[in-house]
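Chains as they are written, first to last, in our numbering: chain A, 1 to 268; chain U, 1 to 544; chain Y, 1 to 287.
The set of hints was computed from the structure by calculation and includes no laboratory data.
Possibly wrong hints are sitting among the right ones.
Derived pair list, reagent style DSS-like, types lysine-lysine, alpha-carbon separation capped at 27 Å [what the hints assert, rightly or not]:
1. Y:247 to U:188
2. U:343 to U:328
3. U:170 to U:203
4. Y:247 to U:38
5. U:380 to Y:281
6. Y:194 to U:188
7. U:380 to U:399
8. A:189 to Y:11
Note that the structure is a prediction, hence the values are computed from the model and not measured.
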Amino acid sequence: MKWARTLAIAFLVTVSATCLLANFIAPSSYAHQFRDVPDAAPSRQHPLGTDDLGRDRFSRVLYGTRVSLLLAPAAALLTSVLAAFVGGVAGFLGGWVERCVMAATDLFLSLPWLFLLITVRALLPLNVSPVTSVVITFALLGCLGWAGAARVVCADARALSQSDFVLLARASGSAAMRLLWHHLVPNLKPVLYAQFWISVPVFIIAEANLGILGLGVAEPLPSWGSLLRELESFSTISGQPWQFVPLILLVVVVSSFHLVLTHEELPV
Amino acid sequence: MRHRLARVVCLISLVLSAVLAFAQAGGELRFCIYSEPKTFNPLLTADDASDTIRYLTGGVLMRLNRLTQEAEPELATSWKISDGGRTITLQLRDGVRFSDGTPFSAEDVAYTVQQLMDPALHSPTGDSFRSGEGKVITRILGKNRIAITFPAPIAGLDKLFDQVAIMSAKSPEKEMAVLGPYYVAENKAGAYLILKRNPNYWKHDSRGRQLPYIDSVRLDIQQSRDIEALRLERGEIHFINSIDAEYYDKVMAQNPAMAHDAGISLDAEFMWFNQAPNSPLPAYKKAWFTSTNFRRAISESINREDLVRIAFRGRAHPAVGPVSPGNKFWFNANLQPHPFDQKSALQRLGQDGFHLQDGVLRDREGHAVEFSVVTNAGNKYRERMATMIQQDLSGIGIKLNVVTLDFPSLIERMTRTFDYEACLLGLVNTDLDPNSQMNIWLSSSDNHQWNPSQKTPATAWEAEIDKLMRAQASTLDPNKRKQYFDQVQAIAWEQEPFIYLVNKDALSAVSPALHNVHPVVLRPQVYWNIEELSLGTSEVARNR
Amino acid sequence: MLRGLAKLAAKVLIVVLLGGFLGATLVRLAPGYGVDEEELDPRLNQQSIAALRQAQAPEGNLIVSYFHYLDRLLHGDLGVSRTLQRPVVELVRERLPETMKSIGLGLALGWTLGLGLAIATVMSRAWYLDLFAGLLAGLLLCLPAAVLALLFVLAQAPARLVLGLIVFPKVFRYSRNLLARSSALPHVLMARAKGLGNLRVLLWHILPTATPQLLALAGVSVSVAFTAAIPVEALCDLPGIGQLAWKAALGRDVALLINLTMIVTLVTLLANSASDLMGSKLRRAEA
Chain A
1 MKWARTLAIA FLVTVSATCL LANFIAPSSY AHQFRDVPDA APSRQHPLGT DDLGRDRFSR
61 VLYGTRVSLL LAPAAALLTS VLAAFVGGVA GFLGGWVERC VMAATDLFLS LPWLFLLITV
121 RALLPLNVSP VTSVVITFAL LGCLGWAGAA RVVCADARAL SQSDFVLLAR ASGSAAMRLL
181 WHHLVPNLKP VLYAQFWISV PVFIIAEANL GILGLGVAEP LPSWGSLLRE LESFSTISGQ
241 PWQFVPLILL VVVVSSFHLV LTHEELPV
Chain U
1 MRHRLARVVC LISLVLSAVL AFAQAGGELR FCIYSEPKTF NPLLTADDAS DTIRYLTGGV
61 LMRLNRLTQE AEPELATSWK ISDGGRTITL QLRDGVRFSD GTPFSAEDVA YTVQQLMDPA
121 LHSPTGDSFR SGEGKVITRI LGKNRIAITF PAPIAGLDKL FDQVAIMSAK SPEKEMAVLG
181 PYYVAENKAG AYLILKRNPN YWKHDSRGRQ LPYIDSVRLD IQQSRDIEAL RLERGEIHFI
241 NSIDAEYYDK VMAQNPAMAH DAGISLDAEF MWFNQAPNSP LPAYKKAWFT STNFRRAISE
301 SINREDLVRI AFRGRAHPAV GPVSPGNKFW FNANLQPHPF DQKSALQRLG QDGFHLQDGV
361 LRDREGHAVE FSVVTNAGNK YRERMATMIQ QDLSGIGIKL NVVTLDFPSL IERMTRTFDY
421 EACLLGLVNT DLDPNSQMNI WLSSSDNHQW NPSQKTPATA WEAEIDKLMR AQASTLDPNK
481 RKQYFDQVQA IAWEQEPFIY LVNKDALSAV SPALHNVHPV VLRPQVYWNI EELSLGTSEV
541 ARNR
Chain Y
1 MLRGLAKLAA KVLIVVLLGG FLGATLVRLA PGYGVDEEEL DPRLNQQSIA ALRQAQAPEG
61 NLIVSYFHYL DRLLHGDLGV SRTLQRPVVE LVRERLPETM KSIGLGLALG WTLGLGLAIA
121 TVMSRAWYLD LFAGLLAGLL LCLPAAVLAL LFVLAQAPAR LVLGLIVFPK VFRYSRNLLA
181 RSSALPHVLM ARAKGLGNLR VLLWHILPTA TPQLLALAGV SVSVAFTAAI PVEALCDLPG
241 IGQLAWKAAL GRDVALLINL TMIVTLVTLL ANSASDLMGS KLRRAEA
């Protein structure tokens, strides 16, 4: 498995380097419409063909990777940290604190947050830059995605706080903060990694779907989500397999994250 | 030998007729609607799904033949318009019954008209008849004769009745008792509706056979156009009334006989600038948007040919004005689409003090020209057009920000807060007559999109348009009306309050199993002659 | 026991009512509330448009209108949906069974696949199985619901099962990590060293350690399934409450949205409370 993990790390580094150097590598601007060749097949000028407006797909994948690969993991990290904090503290303290926090979490899970997102869009000026718009979108997603994981973290924290090593640490006089930070959090990692790994693609796709509300990325800035939306007209793309490249790229990146994160090998 | 031959011929003819009859009769027509119908009250229909049900189930006094575009007798066998266009006297068909058996008479027409014109009902169809203040008077002159008098003359009165489905005054089933070819038999909420043939439908074909040929119609509620196209491919549905350009191309490639392009539709896509004085925009932007030179320059900077070719895959035409060339009588044929000429655009802008500085267009106070265009999210055509216009305008140094919003947020900005700069939307025209656009062109109207509800016209040209629209509505002479409305189109072309972009083609796709189909530009494009459509294999297709 | 149940009922009631109120607040404060697409109909004259706007106008301030709603609720009237022009009670009664079926099937499929693959991965200790399962889960997570729905229609498979494929990767990921951690615990290693069979090790030593967290995950997966039901039902045109919620959201239909929020809150609370109860019973049994 070690070779798989090394391969995954190398791949992630390569992808990150490539998209950071997009200005030099991309054959053209991600926004320029080559109106003579819309929906073109791959060629020397356009390695992945062009989209329905004649924009070079390879350039759009490069710049889109920059947006999504930076912002989605950041949002996923935010979600995981919030879940760890809320769930960890609730599970650790137990009693009525846990019950209140979990009831609040259940409430949070049930509310129609769509309307908050629409309201945020309304509060933003119409002429906001695409980058600002997409950063705000991912920040919001990060702030709203923690509730489900918090429950599982809470159950985990509760179980851990009753385990022998924590009781021992308590008995030895460890302060609560130390108990949390040194004993609990490291053992919550399996759940937190799972949450992080799930959140990355979920946020990327959610960002695309939020285009319906005017949030998410604005034209002409590409993101993986907006590139994936091309696949929704499935009937028209059956003869154009190069349109699947963003999907394949996303799957491989997400799988690489999975390999990198699971450094507990399965016991031999 | 001859007797045997004759017998064989007779037998073959009998068999063929039976097969023909079988092919003509029966079967279930299947197609999709995009949402649940909001109402079964034919007077209150305002959404597509409810309109579809109304068309399939409603009996009307006169039907606008979608092919000839002339009014034809239906429940009214003849009519006379008198009193300067205020009164219509109708002779009704005898012996007609509603789907539940209740007899039809002038009383039902009177009842329907009174309901329609009830101001408390706020029927959109009723508002089309509301040419002036005052009550509508219905006089029953006999069992099958009625006169209806409106408070003011209505141009194109007979064709308007195409939208009025007659309801029963007496039936316990209320609006569910119908006079059309079908009635609603089953309604599985959110999933499908099944309409069955009206056993009491009065229409018969030339051989005396009761219509419709098709026994039942199944309407599946299908939001996704992708899935709808897949289902047509699989033969699960029989047609798509209005198909997107990319799916049209796919159908064309797979089976050209299924693809129908009826020509330029009546619909238009356009863009406009917010000219409302009470909008929260900064003064310098209001100055830009209220300048005719600015709007004309923007119009000349947009490459409509590219929009047609790329956003609509060539299945559209550059638009000229409020009426498309598909509306042969009313279109002002002297007008051409604004040419794509960025040099001329910059010259026009120069007249208003705009200048290019380092590739950025600035006004005379030095503000960089940057504004946003809002459009409703989820409409692929509009999103593509907005992105293409973004590139076009960057050619003259303008930065355009494309903002897609969900429809309620968009409507709120357009009609309540006026917090938007430019808007890109479309108009679906179901009616040929320019009276249907009255509330868009009258400056006092709430639907006068760029600057609604004006107390007095804000500009001389808007005052002129008000005068011309009222003039064309108050005369019955179609040629005079056309003269007035041609002038309205010329002013709109000159002033560009709406920057008309494209007119889509009327595209549809029809399964070869469906016969006697003549797709047209007027809605409903494919099933306008529903009672004469038939299902069967192509070998026994009946030619009319 | 009775006191416990009473406390639970009180908690559920308070949270559900709060959920309804907060849901209504979010809808009322969002832009687009109180407007109707029909206003743009060019046939309508000024009086009709004014009447339409009047009909959309909210009845008093938020708190007042919520109390009116609660008052009607006590009499069994859930209000009338503005977008569908039908009583909410009827709509919910028609569509709730549809969604429950989809969610039930979805959860069954998701958990069977997810937990099954997780157990297989952990017990077999085969890296290729872990890699394959990880790739499969990753692929399903990366496919937008719209594409999944289209694939199902293409394959003519029942659209309901899309929910299962949305739930599966999340269940798999969490349970794989939890079981992997449990299987590395000293007592499991001891059990294996003592020669206990795989099945016994799994059922008696690995699963029990991870059960509280898995139960919490089960409760959360109900909520995940509900959330996923909204786009899936909207895309596949399944007439459930998910589709209703989507239409209500687009149409800012407060009457529908309050009720749907309360239903979702109730189901989420019940599912999570059930998993909490089972978890605490297990802890007491172990202790």
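Going down the list of hints, with the structure as the test:
{"no.": "1", "hint": "Y:247 to U:188", "verdict": "holds, 17 Å"}
{"no.": "2", "hint": "U:343 to U:328", "verdict": "violated, 33 Å"}
{"no.": "3", "hint": "U:170 to U:203", "verdict": "holds, 22 Å"}
{"no.": "4", "hint": "Y:247 to U:38", "verdict": "holds, 12 Å"}
{"no.": "5", "hint": "U:380 to Y:281", "verdict": "violated, 54 Å"}
{"no.": "6", "hint": "Y:194 to U:188", "verdict": "violated, 62 Å"}
{"no.": "7", "hint": "U:380 to U:399", "verdict": "holds, 22 Å"}
{"no.": "8", "hint": "A:189 to Y:11", "verdict": "violated, 31 Å"}
In summary, the numbered hints that this structure violates are 2, 5, 6, 8.
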